[in-house]
Amino acid sequence: ATTSDADVERPTNIIYFLTGASIDIENPSDSYFDINKATGEIFVLKPLNRDPPHGRASWKFTVFAQDEGGEGLVGFTEVQINLKDVNDNAPQFPNGIAYGNVTENGTIGMHVMTIKAEDYDDINEGTNAKVIYSIEKNAIEEDTGLPIFDINPDTGLITTAVCCLDREKTPDYSLQIVATDGGGLKGTGTASIKVKDLNDMPPRFTKGEWFVEVEETDGSVLPEAPILTVTVNDDDEINNFQYKIIESSGYGADKFAMVKNADGTGSLKVVQPLDFEDPMQINGFRFRIQVIDNDEIDESDKYHVDHSWVIVKLKDINDNTPRFKKPHIEAAVYENADVGKHLGTFKAVDIDKGGKSKITYSINRATDRKRQFAIDQEGTVTIQRELDREAMAKHSLEILATDDGVPPRTASAILTVLVKDINDNAPIFAEDYRPILLENSPPSKIIEISAVDNDDRLEGNGAPFQFRMDPDADDVIRTSFKVEQSNKGDGMAIISSLGSFDREYRKQYTIPIVIKDSGTPPQTGTSTLTITIGDLNDNIMQPGSKEVIVYNYQGQAPDTPIGRVFVNDLDDWDTSDKLFYWDEAENPRFKLDDTSGMVTMRRGAREGRYKLRFKIYDRKHAQESYANMSVVVKHISYEAIVNSGSIQLSGITDEDFIRIWNYRTQNIFRSKLERFRYKLAELLNVDVKNVDVFSVQMKDRSVPLTDVRFAVHGAYYYKALQLNGVILLHKEEIEQEVGINITMVNVDECLLENADCAGSCTSIIEVQTNPCLVNANKTALVGVQINSTAECACSSREYKQQQTCKSHPCLNGGRCTNSKSGIKCSCPPGYTGPRCQQVVRSFRGSGWAWYPPLDMCDKSHISVEIITTKPDGLIFYNGPITPPKEDDTSKQLSDFISLELEQGYPRFLIDFGSGTLELRIVTKHPLSDGEWHRIDLFWDTEKVKMVVDFCKTAEITEADEGNLVDFVDHTCQALGKVPQFNEYLNLNTPLQIGGVFRDKFDYTYSRWQYMPVGVGFEGCIREFKHNGILYDLSHPGLSKGSAPGCLYTQEVCDLNPQVARCLEHGKCVGSYNKAKCECNPGWTGTYCSLPTTPTTFKTHSYVKYALSFEPDKFTTQIQLRFRTREAYGELFRISDQHMREYGIIELKGAKVYFRYSLNTGQVEEQEVALTAVEVDDGQWHVVKVQRYGSAAIVELDGGEGANFNQSFSFDGHQWLSVDKQEGVYAGGKPEFNGVKTYDVKSDYQKSCIDDIR
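With the first letter of the sequence shown counted as 1, position 1004 gets the number 1004 in my numbering; the numbers rise by one all the way through.
You may find that some hints are simply not true.
[Stated by the list, open to error] Restraint ranges, calculated between C-beta atoms of paired labels, are given here:
no.: 1; residue 1: 1127; residue 2: 272; range: 35 to 43 angstroms
no.: 2; residue 1: 474; residue 2: 447; range: 14 to 22 angstroms
no.: 3; residue 1: 637; residue 2: 440; range: 46 to 54 angstroms
Because the hints were derived from the structure by calculation, they are not lab data. Only a predicted model underlies this, so the values are computations on that prediction, with no experimental measurement involved. Don't be surprised by glycine CBs; every beta carbon is placed ideally from N, CA and C.
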């Protein structure tokens, strides 16, 4: 490049330089061009490429010129360099393969496709980019050897060179195409040609006859799922099969319909009810079905139509309820009718199984609570217990007829039994007469009394009544009173006095009166009339003193009356004549009522002894006297009440129990209360001042019955169990020395069957705020008022109120925290129960341990695990702990329950008080093998069941089609019925585990048909659970030869160094022979030292597992941790290929559910749920599911109380098959609705899962 400059007289030293897109001033080595600065010559620095995709056909840049050696003025010019093409690019096919298609059976010259190659050389430069197409490798027709395709060399259009391609013979072709440019450069590509189908092949059913067996429908409910899937062969690529049933082609064609499935197969569905009992249908159905391979084809085109036969055989299901021939029978019978008398016969028929169903008859026990009637298997109802018209004059019994179907169906009928009266009740007083006769009154009429009779008056079995004094009445009564007959109304008695009386000599008289009715034969009864002698103020008073003891519960008592001022006056009804004053200054802790003499302790009175002195004025006698009152105030704690023992006394009032003075003889003596305190101190070897009798309450004044509660402490409080146990063991000695009659130890409102509750019963004690005053002349006791009531519920199954830390639920020093899902306990080492219970205990063969008695529930379950090598040993016993007294065995409760090993096999005894049931199981191998074994015991009001090791040794046979199930269980399960007629296990003595207190088992009752051998257990007992509540085995009330933990397996654990290293985050699970580590939830690894890694599940996320092992069909055990704030979602599932057998753990309404079905043939879903606990609290929870056959157990966070539920019966199908590849999911199951799109069913989202086992 050169320049010219108009300035003539200046130096011409001009400098040149370049700028532009291809010039890099900073890195000249990257530039494509350069310029000689002095001469302006331009140079190419690198080879230039003009061809696409990265080259350029022209290059532009700017040349600058500056005079004065680069210091002066600047000029510039644009330079464009055009590149001339060289043929250096071969043609190429952009994608390598091009796709086309052609319809089969076409003519020669049919267009197939156009294939294009690209050449990046310059199209205007000679023939550099001129492309010629040719077929290098063509397809050859077999018959003629001719090439099948042509290509236009200029355009690349491929056409057919022969006619009539056949897709069914050759569905696709691949040609190699060459593109050559003018310079001889070549590129190759592939043409892939698919032959498009024409509907030229016929459809054919894969079978000429289809057979299916199907259950009849249950009423009008039709099955959703198809009953048969048919397949068709058709060599055409695309078929639009249309299926239908040929009308009138056979009987039953109208009861079914054919539908087309997405995969082209056809399904047969039921569209009308099917009834096996219909004689027309019993032999099944046969009809024809049709397929056409396209919906545009006319049915007359036989080439595209095919037919096949379908045979449907019906299976009988239990869809008919038995029918009674007579739905109502009425029978009238006298109440003294003999046991065994026939009342009527019911007959029911069932048309299932061709009328050969077996029908079982029973009585709904809710309509016959006392089991007074029985029914045999012929349907005949008889009397089995004596009737009493006065208790119930009309019985309406529901008679049930149950067939032998699966599931069974039940029909009901009514038997009305009218009970006719006989004269079997003596008359009694019409009311509780309590007349008062004032002392010193002259002889006079006292009262007129009448009578009532429970018998039927209309039958002549009642009034009129005749009265007379009992001729055996003692002389004092016969000389002091007279009884005269009056014929007013139904007959009355007039009672009169024959002299005057002195109250200070005797306060009450009881007159026995004989009353006779007019029945045939007449009934005679004796009622007792109590006459109280009323007081007149006819004695002067003497100074008196009074001892008062006040037990102030937690120091919180409100203002409390603590007793009347006592002045020694034989008159006791003359308070209205007296006025009471403080003798000295008033004590600010107390106040006095000046008219009644009642002293009240003010709220907040401190512990200690107070001495009070009062002045009394008698207005009638114008006399003044003095009285002292000594008040001892003691605070009593919550702990004392929780650990208190209790007894019920008969024949003694609350006042009699605390009284220290006889008003007649004026003698002072030691009260029964004090004698009881001293005896208790002696038996427990403690100082008497540590014995507090803090509550004496009258339960029933008429008997009378009095409840006494007491606490004893040394360094700590003795447990209630120990106090009650000591009294039970020394009952006769205490009764004799104290002078009382103890009718109950451990006061239990539920002990007497059906007294307060007809079913489950829990004895509840509540501390009332107002104390209870017992006032007895020279002494008074202000005790804690305990309200003891029977709640008709099974305490361990009542979850109305969520447990909170207020009720001190965590045992053995555990720390409690509240959460939405309930309480959580953090426990010291060694206490592994959910409430920090010690769950295992060792016994040395001569030991035993005492625990609280079993609660009374109408349905009960005990589970316990044992390990031993000794063939004999008592696992537990709850029942009488002393032999019965000779004289009153009839009154004493003989209920008991025991479980023991005898010769290595379990033996279970249970007695509701009306006879003993014995269950034994001869297991496949004795249980004394040094391995852990679990025994489950179930009972209700009648039926009893014992199961060993979840029946894992049962022999099971199941047919593939899901019909036959055979369950041979005699090596693992035993069933029985408790002898009639008692229905409940009523216990309030200590539960004895591992042995019994006495050396020899000698509690024998005459009513026991069997009794325990009672040999002490040697080994370990763990996880003792009653109705879902885990017993704490750490601190028994009394024990001997027993220790917490399992010493026998601990040795094996200690000798295994590998196991010892896992104890920080795991536990040793050991037997007598081996030990292994079990990691706590959230920990893993050989030594449980690695925390597990939780997984977060987002919306529409899931995890699918493939199993490397074959899961056991009878047993499923799943454990996992989860945390969520969502209320719904599926945690985990296992299933077979068709989702007919499955097990699913899920959340519904924030509650944990386990749903499962075990029938291959059809879904029969069962469900176990924890409906009282909500888990959407964002905390970690551990759920554990165990399935053994059809029995399932669900446990949450340790599994106790509301966190535990089960369905424990082996009914029907027992196996669950799991598809190892397609059957195991966490977080929900995907359902694909397209090739790459899916929905997650029951999506568990925005939540975590961890540590699935």
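So which hints don't hold here, by number, going up?
none
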